[in-house]
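S.K.: For reference, the chains in residue letters:
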Amino acid sequence: MATESEAFWLHAGATVTIDELSTASGLTVMEIRELVEYGALTPVGEVTFSATCVACVRQAARLQRDLELEIPALALVLSFLERIETLELEVRKLTSKPR
Amino acid sequence: MKYKDYYAILGVQRGASADEIKKAYRKAAQKHHPDVSKEAGAEEKFKEVAEAYQTLKDPEKRAAYDQLGTGFREGEEFRPPPDWGERFHFRQGNGEAFSFDDLDLGDLFESLRGGARQAGRQRPIPGQDYEATIHLTLDEAHRGTEIDLAFEKPVKVRIPKGAADGQRLRLRGQGGKGINGGRDGDLYLNIVLHPHSLFRTSGHDLYLDLPLAPWEAALGATVEVPTLDGRVALKIPPDTAAGRKLRLARKGLAKPGGGEGDLYAVVQIVNPTVLGTRERSLFEELAKASRFDPRAHFAAEKTHGD
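Read top to bottom, the protein sequences are chains F and Z. For what it's worth, the working numbering labels the leading residue of the first sequence as 644, then goes sequentially. For what it's worth, the working numbering labels the leading residue of the second sequence as 516, then goes sequentially.
Derived from the structure by calculation, the hints contain no laboratory data. Keep in mind that the hints are not guaranteed to be accurate.
Unchecked claim - Restraint ranges, calculated between C-beta atoms of paired labels, are given here: (1) Z:Lys546 with F:Thr660: 34 to 40 Å; (2) Z:Gly791 with F:Thr738: 55 to 61 Å; (3) Z:Ala748 with F:Ala716: 54 to 60 Å; (4) F:Arg735 with Z:Thr792: 45 to 51 Å; (5) Z:Glu794 with F:Ala655: 48 to 54 Å; (6) Z:Ala748 with F:Tyr681: 49 to 55 Å; (7) F:Glu674 with Z:Ala756: 51 to 57 Å; (8) Z:Lys750 with F:Arg735: 29 to 35 Å; (9) F:Ala716 with Z:Arg698: 26 to 32 Å; (10) F:Glu674 with Z:Thr648: 25 to 31 Å; (11) Z:Ala756 with F:Val690: 45 to 51 Å; (12) F:Tyr681 with Z:Asn705: 23 to 29 Å; (13) Z:Val740 with F:Arg735: 20 to 26 Å; (14) F:Tyr681 with Z:Leu618: 42 to 48 Å.
Claimed, not checked - When the alpha-carbon atoms are kept at most 20 Å apart in a straight line, the in silico PhoX-like pairs for lysine-lysine are as follows: (15) Z:Lys576 with Z:Lys517; (16) Z:Lys546 with Z:Lys562; (17) Z:Lys560 with Z:Lys538; (18) F:Lys736 with Z:Lys770; (19) Z:Lys572 with Z:Lys537; (20) Z:Lys760 with F:Lys736.
Ideal Cβ positions, reconstructed from N, Cα and C, are used throughout, including at glycine.
Make a model of the complete structure from these sequences and hints.
M.R.: Here it is, written out as structure tokens:
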């Protein structure tokens, strides 16, 4: 059974290191650095990222692997995924308004 | 072992070039990828296509597959020709030749690289990460809860307090088991909060519509409002306008690592639906006495047709 110490909220206040992001997504550290160069990922420190990016980076990495995407396409996919996520959350916020 | 027609799955001829195979795979993958397609069965369809491609894109595996022959139908029980395993170096981890009876064709081809090129070497393989979306009520998110999930086997997962809508939780080591000393996979949970009958959320903050009678808003009052931790008294200052947000600090959802969001009571001014005789005469008196013009700002605006 899981204990709470193994549970980690990927929220805006938390960060992950570039190595953790690499393990979580299967992308190499070099590929993550390239995503930063393309502006698809913004580090919060020199080698740390907001934990909220983990889910989108994992999904983008899956698409890259399965659709054999080049890094520029991966960067584009990642920025679109993050935009979709933001908008979907916004829609949910608006539609969850009690009557 | 059941036969799988990898060429038919990809929709290409047996003599297709490597480029045609790649194109056919990419087309099918884009259509059926579970991260893209919302259709039922997309994941199974994608796995099928990916398995076919993994075998046909590798010249060595494709040659081995072609040697199986063409006389089989999709799903038909078959055995590879004699010596087939020998020729293509299919070996189990212990060096013995495979028994083909209980084998999946896809697993067999996946093992080809490990079997032929790395015979005897036990490479650590990390366990698979799992992902799931779970729905929680605001109370469950606020206090933490325990849920049952089933992947390879049922697991009980403790969700600590601190969830917000759309937030992810990573549970280290709760994914698939690693092989040959590889690390266990992680479990990623995507949290979706059920809509609540009174509160809506924005991150860890809560919003509550607070109906007030006109005189409560005008004169000020102390009213009881619900929170996730029970009812609290809220002081309404005199001259409170509709739409005003009254903040109840730290009465929102519990945050990860301690602290809470805030609760905002958003003022609505509500008239009685049916006026009693006395209420009506008091309103009539007020209407006569008051010089309040709620539409004063209309006059300042230049209107069309003037």
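S.K.: Next, verify each hint and record whether it holds.
M.R.: Hints, one by one, checked against the model:
no. : hint                               : verdict
1   : Z:Lys546 with F:Thr660: 34 to 40 Å : holds (36 Å)
2   : Z:Gly791 with F:Thr738: 55 to 61 Å : violated (38 Å)
3   : Z:Ala748 with F:Ala716: 54 to 60 Å : holds (57 Å)
4   : F:Arg735 with Z:Thr792: 45 to 51 Å : holds (47 Å)
5   : Z:Glu794 with F:Ala655: 48 to 54 Å : holds (49 Å)
6   : Z:Ala748 with F:Tyr681: 49 to 55 Å : holds (54 Å)
7   : F:Glu674 with Z:Ala756: 51 to 57 Å : holds (54 Å)
8   : Z:Lys750 with F:Arg735: 29 to 35 Å : holds (32 Å)
9   : F:Ala716 with Z:Arg698: 26 to 32 Å : holds (29 Å)
10  : F:Glu674 with Z:Thr648: 25 to 31 Å : holds (27 Å)
11  : Z:Ala756 with F:Val690: 45 to 51 Å : holds (49 Å)
12  : F:Tyr681 with Z:Asn705: 23 to 29 Å : holds (26 Å)
13  : Z:Val740 with F:Arg735: 20 to 26 Å : holds (24 Å)
14  : F:Tyr681 with Z:Leu618: 42 to 48 Å : holds (43 Å)
15  : Z:Lys576 with Z:Lys517             : holds (17 Å)
16  : Z:Lys546 with Z:Lys562             : holds (12 Å)
17  : Z:Lys560 with Z:Lys538             : holds (17 Å)
18  : F:Lys736 with Z:Lys770             : holds (18 Å)
19  : Z:Lys572 with Z:Lys537             : holds (7 Å)
20  : Z:Lys760 with F:Lys736             : holds (17 Å)
Checked against the numbered hints above, the structure violates only hint 2.
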